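Novice: Model the full assembly from the supplied sequences, consistent with the hints where possible.
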Amino acid sequence: MMLQIRLLLADSELQDNSRVELDQVREPRLTVPGGGLYAVIQASNGSFVWESPSIATLNTNSTQIKTITGNIPAASPGQQQFYQTDNGEFVTAFSIVFEKDNPAANNQSPVLSEIFTYLLIDSGEDYRQQLGTFRNTLVIGMGIGIAVFIALQLLLLKWLFEPLRSMVRELDEVQRGERSAFIEKYPRELSLLTSQLNHFIDNENRQRERYRNTLSDLAHSLKTPLAALRSALSLDNSQRKYVRSNMEQIERMEQIVAHQLRRTTQNATTGIGQRSEIVVLIRRVVDALQKVYREKQVELEMTMPETCFLPWPEDDCFELLGNLLDNAFKYCDRRVSLTLDPGQSQGFASIIIENDGHQIDEAQTQRILQRGVRLDESAEGQGIGLAIVGALLEQYQGKLTFSKPTNGGNRLELKIPLKLSIKQ
Amino acid sequence: MRALIIEDDDLLRDTLGAILTSAGYACDLAADGIDGLYCATEYPIDLAVVDLGLPGKNGIELIEAVRTQGLDFPILILTARNDWQDKVKGLEAGADDYLTKPFNNEELLARLNALLRRSKGYASPVIKLGDIVLDSAAQTVSVNQQPLSVTAYEYRLLACLMLNAGKVMSKTVLTDHIYEEEADRDSNVIEVFIGRLRKKLADLDQPDCIETLRGQGYRFCVPLE
Chain G
1 MMLQIRLLLA DSELQDNSRV ELDQVREPRL TVPGGGLYAV IQASNGSFVW
51 ESPSIATLNT NSTQIKTITG NIPAASPGQQ QFYQTDNGEF VTAFSIVFEK
101 DNPAANNQSP VLSEIFTYLL IDSGEDYRQQ LGTFRNTLVI GMGIGIAVFI
151 ALQLLLLKWL FEPLRSMVRE LDEVQRGERS AFIEKYPREL SLLTSQLNHF
201 IDNENRQRER YRNTLSDLAH SLKTPLAALR SALSLDNSQR KYVRSNMEQI
251 ERMEQIVAHQ LRRTTQNATT GIGQRSEIVV LIRRVVDALQ KVYREKQVEL
301 EMTMPETCFL PWPEDDCFEL LGNLLDNAFK YCDRRVSLTL DPGQSQGFAS
351 IIIENDGHQI DEAQTQRILQ RGVRLDESAE GQGIGLAIVG ALLEQYQGKL
401 TFSKPTNGGN RLELKIPLKL SIKQ
Chain Z
425 MRALIIEDDD LLRDTLGAIL TSAGYACDLA ADGIDGLYCA TEYPIDLAVV
475 DLGLPGKNGI ELIEAVRTQG LDFPILILTA RNDWQDKVKG LEAGADDYLT
525 KPFNNEELLA RLNALLRRSK GYASPVIKLG DIVLDSAAQT VSVNQQPLSV
575 TAYEYRLLAC LMLNAGKVMS KTVLTDHIYE EEADRDSNVI EVFIGRLRKK
625 LADLDQPDCI ETLRGQGYRF CVPLE
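Chains G and Z, in that order, give the protein sequences.
Per this note's numbering, the first sequence starts with residue 1, numbered consecutively.
Per this note's numbering, the second sequence starts with residue 425, numbered consecutively.
Read the hints as simulated data drawn from the structure, not as lab findings.
All values derive from a computational prediction rather than experimental measurement.
Check before you lean on any hint, since a few could be wrong.
What the hints assert, rightly or not - Residues from chain Z shown here face chain G by an in silico Cβ test under 7 Å; the list is partial:
| no. | residue |
| --- | --- |
| 1 | D433 |
| 2 | L435 |
| 3 | L515 |
Said to hold, decoys possible - Covered, in the sense of this in silico footprint (three residues per stretch, anywhere, with C-beta under 8 Å from a C-beta of chain G), are these stretches of chain Z:
| no. | segment |
| --- | --- |
| 4 | 438–446 |
| 5 | 517–530 |
Each residue gets a CB set at the ideal place from its N, CA and C atoms; glycine is no exception.
Specialist: Below, the structure written as structure tokens:
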């Protein structure tokens, strides 16, 4: 604004020792009515000796100028003053001394002069507009910047946590039996953990295998001599009392071996990271049983999906299905039915096996299914198979319910989780 | 009928041999899978009892090899392991039934009789052809409900002829089916047994139902209903 005043000063000339006239007004805004920039030259007595053409539309008259300029305190010549009014106008004032012409003046005469004050008033609209634009730009810019920053942070976090998410995904697949180890590459900080987990899974599975093989071999080495003794004694009719006593001892030994084998099934570790296609296994077991029971000509009805996977190793699946279906075939009259529901949405598969045989005692069945029932307290035949089934279901967090349909026969329903959870 | 027993435990193998012999079978014994496969392929076996846990060649491999060679005699597997996976694999390999050790002798014989009958097309343990009734479970023969007293070898011979009724059985085949491999065989023994059977049947007023085909062998004639 001071530059504008200097331009006015440059074009100013004192006329008739009383008024200031300007040859030209260089600033175009001072010539445009309503341009937002106004200038007046005020004499020392307060009167306006010059007004810029733009004042014509400044709320129409000079009164407002007087209101504006009247609030400005007087200043010494050469002193620049800058004010902002309550209405937001910017005022720059600069006082200057003009020397008047005095023809009679001599060297001893005082110099006649008058102080004129140049006032430049800017309505401030441009300023405010620019300020508003600046503020908007700043807000928008900062908003965009913050949004970009947050987005980058989120991306960074997503990238940083991706290995953990991947690990959780793989762990879920291990629990479902869909994979047997963590195979993806992880950062150094996590790779130690996953390699330890893989080592643990491998150790558990190997130990389980060793355990079962050792006991199976033990059973074989015990049961074969027992079978030989039993058969040999059965052939020997020479001393009945002696034979009967030894047969009782042999039966007792057989029971102990079978009981210990069943206990090992209860205490065996769960196969981790393994799964079996149970539809295929059911068909294999059924085909085998149809062969064994061909004279019975069992009518079998099966309702199964195309595929269904359980998070069990194959040998445990065989034990479950073999014992259940063998009982169903053995104790049916003519009909056996099997229904398999994969239950993906419920999180557990359901197997229902029914037969039309003589209804067995539910209380006895429940007692056999309870953990820790001794073999010599349980019934032979169906009891042994159900006890193994009960132990397996407990191991793999499944449930079995037994019922007697009103139209006869027996019904067993199994619910088996599709994913093994970590036991507390 | 001729049975093959493949079991690595000496006592059990000998005991099984005694059980089946007393039940009227001619028994061949093998202690491992390799010997067992040889016996199965070289001798005219009517049925086999195979232990799954054999040294050399395990039971399942042996059964697969037997079936691959087109031998279809019934096989019953013995297993000490309660694993259903082993049982199913054995049945899939070609076995016809299983029995878990330890077992009852009676159950073993009943299952073997059932397998043998089924393989010959008989659904019942009792074979009735005309007035002659042979009960394979009780190992008795009767004619018009009168018991016919026969020796062990005569029973085996008559059972072999009746189970293959209508088929010509040569002397060699009959000899192979009623004698175990190590038996001391007389070349005329079949003729002697046939002669005795005919006499015993005639004593009970049963017409001669064993036909001699010169140069070929013998055939049990199926009576016309």
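Novice: Hint by hint, which ones does the structure fall short of?
Specialist: none
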